[in-house]
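Number of protein chains: 2
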Amino acid sequence: VTASPEADLIASLRALATHEGARGLLDDAAVLATDSGQLVLTCDMLVEGTHFLSEDPPADVAWKLVAVNLSDLAAKGARPVGFLLGFSLGDAEWDREFVAGFGVALRGFELPLLGGDTVSGAPVGARTLAGTAIGLARGTVPARTGARPGDHLWVTGAIGDAGAGLALLRQGAVEPASLIERYRAPRPRLEAGERLADRVEAMMDVSDGLLLDAARMAQASGCALTLDLDSVPLSEAWLRLRGDSRTQRLEAATAGDDYELLFAASPDSASDLLELAEELGLPMSRIGTFATGAGLSLSDRSEPVALPPNLGFEHRR
Amino acid sequence: VTASPEADLIASLRALATHEGARGLLDDAAVLATDSGQLVLTCDMLVEGTHFLSEDPPADVAWKLVAVNLSDLAAKGARPVGFLLGFSLGDAEWDREFVAGFGVALRGFELPLLGGDTVSGAPVGARTLAGTAIGLARGTVPARTGARPGDHLWVTGAIGDAGAGLALLRQGAVEPASLIERYRAPRPRLEAGERLADRVEAMMDVSDGLLLDAARMAQASGCALTLDLDSVPLSEAWLRLRGDSRTQRLEAATAGDDYELLFAASPDSASDLLELAEELGLPMSRIGTFATGAGLSLSDRSEPVALPPNLGFEHRR
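Quick mapping for you: the protein sequence lines, in order, are chains A and B. Convert by adding 6 to the 1-based position in the first sequence; the result is the number in this note's numbering. Convert by adding 6 to the 1-based position in the second sequence; the result is the number in this note's numbering.
FYI, nobody ran anything at the bench for these hints, they're computed from the structure. There could be a bad hint or two in this list.
[Said to hold, decoys possible] Some, not all, of what chain A presents toward chain B, calculated at C-beta under 10 angstroms:
#1 Ala21
#2 Arg102
#3 Pro118
#4 Val125
#5 Gly137
Even glycine gets a Cβ: it sits at the ideal position worked out from N, Cα and C.
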C-alpha cells in the first residue's frame with residue numbers, strides 16, 4: 007500500500023464506513039439485507055481522459071458504464087434489477103450517441119433504467135459519468151475476504167484480450183476484431199456469478215489487472231497466494247497476436263479491463279466447477295493456490311518469477 | 007417545455023425508462039418494491055462551477071451532496087438507509103476537508119456510508135461528485151403526479167432564505183447567519199416527509215425555485231394551479247432584509263435551494279396538516295389551489311400577477 011494523499015483519503019473514507027453492509031469499502035459492492043433477499047449496490051464512475059477518451063465512440067462509453075457496474079454485481083452473485091445514470095451533458099451529438107448506446111446496453115442486459123440525474127456545467131473534456139447498479143442476490147453474497155489457506159484461485163474466460171484490444175486501438179488498428187470487441191464491449195459474467203456465488207469462498211471481478219486484483223483478494227483474506235503464470239488462460243486470438251513468452255504473459259496479467267470473475271474455491275469443488283464451466287460454455291481455469299502468510303508470489307512452469315513493478319492500474323479507479 | 011438539445015436528450019432518456027419503478031423519470035426518486043417495504047433510490051450530482059464554487063468550503067459541499075439526496079428521499083416519505091459516494095479526487099487539502107465534512111453529515115443524519123467509487127483524473131476546477139441515497143418507505147410513496155383539481159398546494163418551512171443567503175455570500179456578507187446557513191447547510195425535511203407521505207396526494211421537494219417546482223407538479227398531475235404569492239411563507243430574517251414588496255416575493259419564489267417539501271392535499275386534510283405542523287414545530291402553509299386545466303397562474307392579494315420570465319433554475323440539474 008502506497009502512502010499517498012489518495013491512500014490517506016481512501017483510508018479516511020473507510021473509517022466512515024462502519025455499517026456491516028459497507029464491508030469496510032473493501033468489496034466491489036455494498037450489501038443490504040431485505041426480506042426479498044440481499045440487495046447489492048455498486049456505484050462506478052468514468053472520467054473523460056482517464057477511463058475513456060474524448061474520441062472513443064460514445065455508444066461504447068455507455069456500454070462500458072453499464073458493463074463495469076454489472077460486473078461488480080456479477081462478482082457478488084447478484085442479478086441486476088435496476089440502474090441509475092448520472093449524466094454530464096456536453097456536446098449534443100455526443101450525448102445523442104451516448105443515449106442510443108445506453109439504450110442498446112439496457113436492452114442487452116434487460117436492465118431497467120430507474121432514475122438518475124442529468125447535469126450541465128462540466129467543462130469541455132471533463133465529463134464524469136456515474137452509474138449505480140442495484141442487484142438482488144437470493145443466496146450467498148461472496149466477499150473478497152473469504153479465501154482460506156489451501157483454497158485454489160480460479161478465473162473465468164481469458165485474460166489480456168481487452169488490454170491487447172486497447173493497445174491495437176492506440177496503434178490505429180481495427181483487427182483482430184475479437185480483441186478490440188473485448189476492450190470496447192466487455193461482457194459482465196452475470197450468469198456465471200450467480201451460479202458460482204454459493205460454490206466459492208471469495209469472489210471479485212478482474213478490472214485493474216489480474217495480478218493486482220489477485221493480490222487484493224489475498225490481502226483482504228489474510229493469505230499468501232502463489233499464482234501460476236503458465237496457467238493464466240489466454241485466447242487463441244491473443245496467442246496468435248502476442249505469442250507465448252513470459253514477458254507477454256506478464257503483460258496480459260497486468261493489463262486490466264478483463265471483467266472476468268476471480269474466485270477462491272476449496273480443492274474439493276474442482277470437478278463441480280469444471281462441470282459448471284462446461285454447462286455455461288465459459289472456461290474456468292485454476293491459476294493459483296492460497297497459503298498461510300501474506301503476499302503474492304508468481305511462478306512459471308514451477309519456476310519462481312519476480313513480480314513486475316506494476317501489478318495493474320493502482321490509481322485509476 | 008423548451009425545445010433544446012438538452013430537452014431532447016432528457017426526453018430520449020425518459021423513453022428508455024419503461025420500468026414502473028422509474029416513474030417515467032418524472033419523479034424525484036425511483037421506487038422498487040421489496041418484501042421489506044418500498045426501496046426509494048435517488049442519485050444527484052454536483053458539478054464544480056455549476057452547483058458549487060471552487061472557493062466554497064469543502065465541508066459545505068459534502069453536506070450539500072448528502073442533503074440534496076436526502077431531500078429527495080424526504081419528498082417520497084422514505085427513511086434513509088444508506089449512501090454511496092462517487093468522489094473525484096483533486097487537491098489533497100480540499101479532499102481532506104470534504105471527507106471531514108462528509109463524516110459530519112453522515113453522523114448528523116445517522117446515515118450509513120455503504121460504498122461508492124473514488125476516481126482521479128478530472129481536470130482542475132471540474133470535479134463532479136455523485137451521491138446515491140437509498141431509503142425505505144413503509145407506506146405510501148407519493149409521486150409528483152397525484153394532485154387533483156380542488157386539492158390545495160402546501161409548502162413546509164420558509165421560502166427564499168437560501169437564495170438570500172447565496173446573494174449575501176456573493177456580496178461578501180457573512181450576516182444574517184441564519185440565511186447563509188440555510189444556503190450552506192440545507193436541512194432535508196425527513197421527519198415531515200415520513201409523516202406527510204400518507205396524508206398527501208402528491209409531494210416533491212423545492213430545489214429549483216418554488217414557482218418552477220410547483221409548475222412541474224401541476225404539469226405532471228395534469229392540472230392547472232393558482233399560487234398565491236401573498237401566502238408564500240417568508241422567514242423573519244428574510245422580511246427584515248428584503249421587506250415585503252411583490253418584486254421581492256417573486257424573487258423568493260424563484261430563487262431555489264430551499265429543500266422544503268411541496269405537496270398537494272385534499273381540502274379535508276387541512277386541520278390534520280396544521281396539527282401535524284404544530285406537533286413537528288415546522289410551519290406548513292397553504293399557498294395555492296389546483297383546478298382542471300393546465301398551466302400556472304399567480305395571484306397576490308387576489309389580484310392576478312404576470313409570471314416572471316424565469317420560474318427558477320431550469321437547466322441547472
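Hints, verified against the model:
1. Ala21: holds, 8 angstroms
2. Arg102: holds, 7 angstroms
3. Pro118: Pro118 (chain A) check passes; min Cβ-Cβ to chain B is 3 angstroms, inside 10 angstroms.
4. Val125: holds, 5 angstroms
5. Gly137: holds, 9 angstroms
In this structure, every one of the numbered hints holds.
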